[in-house]
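Asks: In terms of full-length UniProt numbering, the sequence shown opens at residue 1 and continues consecutively.
No wet-lab data here; the hints were simulated from the structure.
We put the CB at the ideal spot given by N, CA and C, even for glycine.
There are no misleading hints in this set.
The following label-pair restraints were derived from C-beta to C-beta distances:
1) ARG200 with GLY102: 48 to 58 Å
2) LYS34 with THR238: 34 to 44 Å
3) TYR224 with PRO63: 35 to 45 Å
4) SER64 with LYS114: 18 to 28 Å
5) PHE137 with ALA35: 35 to 45 Å
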Amino acid sequence: MPETYPAPANAAEGVAMMRVNVKILRFDPEKDRKAHWETYPVEAQAGDRVLDVINHVKWYLDPSLTFRRSCGHGICGSDAMLINGRNRLACKTLLRDVAKDGGTITVEPIRGLKVEKDLLVDMEPFFDSYRAIMPYFINESPPPPAERLQSPEQADRMAHSSNCILCACCTTSCPIFWVNGSYLGPASIVQAHRFIFDSRDQATPQRLNIMNQNTGVWRCRTAYNCTEACPRDIPITTIIEEVKRAVMYQQA
Numbered sequence: 001m002p003e004t005y006p007a008p009a010n011a012a013e014g015v016a017m018m019r020v021n022v023k024i025l026r027f028d029p030e031k032d033r034k035a036h037w038e039t040y041p042v043e044a045q046a047g048d049r050v051l052d053v054i055n056h057v058k059w060y061l062d063p064s065l066t067f068r069r070s071c072g073h074g075i076c077g078s079d080a081m082l083i084n085g086r087n088r089l090a091c092k093t094l095l096r097d098v099a100k101d102g103g104t105i106t107v108e109p110i111r112g113l114k115v116e117k118d119l120l121v122d123m124e125p126f127f128d129s130y131r132a133i134m135p136y137f138i139n140e141s142p143p144p145p146a147e148r149l150q151s152p153e154q155a156d157r158m159a160h161s162s163n164c165i166l167c168a169c170c171t172t173s174c175p176i177f178w179v180n181g182s183y184l185g186p187a188s189i190v191q192a193h194r195f196i197f198d199s200r201d202q203a204t205p206q207r208l209n210i211m212n213q214n215t216g217v218w219r220c221r222t223a224y225n226c227t228e229a230c231p232r233d234i235p236i237t238t239i240i241e242e243v244k245r246a247v248m249y250q251q252a
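When you get a sec, could you build the whole thing from the sequences and use the hints?
Replies: Below you can see the structure in the form of structure tokens.
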């Protein structure tokens with residue numbers, strides 16, 4: 001492997017560059033029995049994102065590298081990866097925050113989901129859990145002439161949980177999810193919270209019953225991994241505790 005590679009295409013003339021070794025955990029089910037590391041020396045700007053560097057590896061160095069990405073702006077949540085041992089969005093993680101000049105960054109697939117190839121995981125179990133909490137508005141009463149109104153306080157009650165982008169960073173950072181795939185996981189509980197505390201929704205009892213099952217909120221051990229991993233700064237552990245209290249009040 002050559003010792004140097006050209007800088008990413010977005011490198012600006014006269015801008016200070018840094019050299020990093022991008023160490024990626026690779027796995028091709030058609031030819032590999034187990035995952036292995038491959039390292040790519042890259043020259044990039046300190047302000048580049050990890051996604052820029054990974055794109056550079058694929059576009060210029062190794063087109064066989066497989067990963068998922070879409071909007072590139074922290075909205076779609078598709079490029080969740082384990083970067084330097086922590087779940088992050090590659091499009092929101094700046095190179096200068098995870099590497100020094102001449103240093104190494106490690107990139108792995110998120111944990112707890114089957115690896116399809118390289119950094120690409122099977123998201124279906126994650127979305128199965130999401131669908132299980134009925135993630136849609138339910139109100140059987142006749143629609144009003146205008147909107148179904150909320151007060152600012154009522155809207156604020158579900159403001160944080162409405163910010164979830166379903167990137168799976170929280171769920172795949174949870175040690176309970178790693179060992180028990182039937183656990184709904186933090187992201188699904190956050191989505192349930194969004195509707196449980198929606199003053200206009202009428203399916204709160206049904207969702208609380210789902211949360212009260214052995215796959216629901218009581219599996220949480222308050223490790224705070226999910227809160228630390230969330231790229232949207234959602235207070236996930238607090239939200240889970242709020243859902244636990246709501247389940248208990250329903251039973252009282």
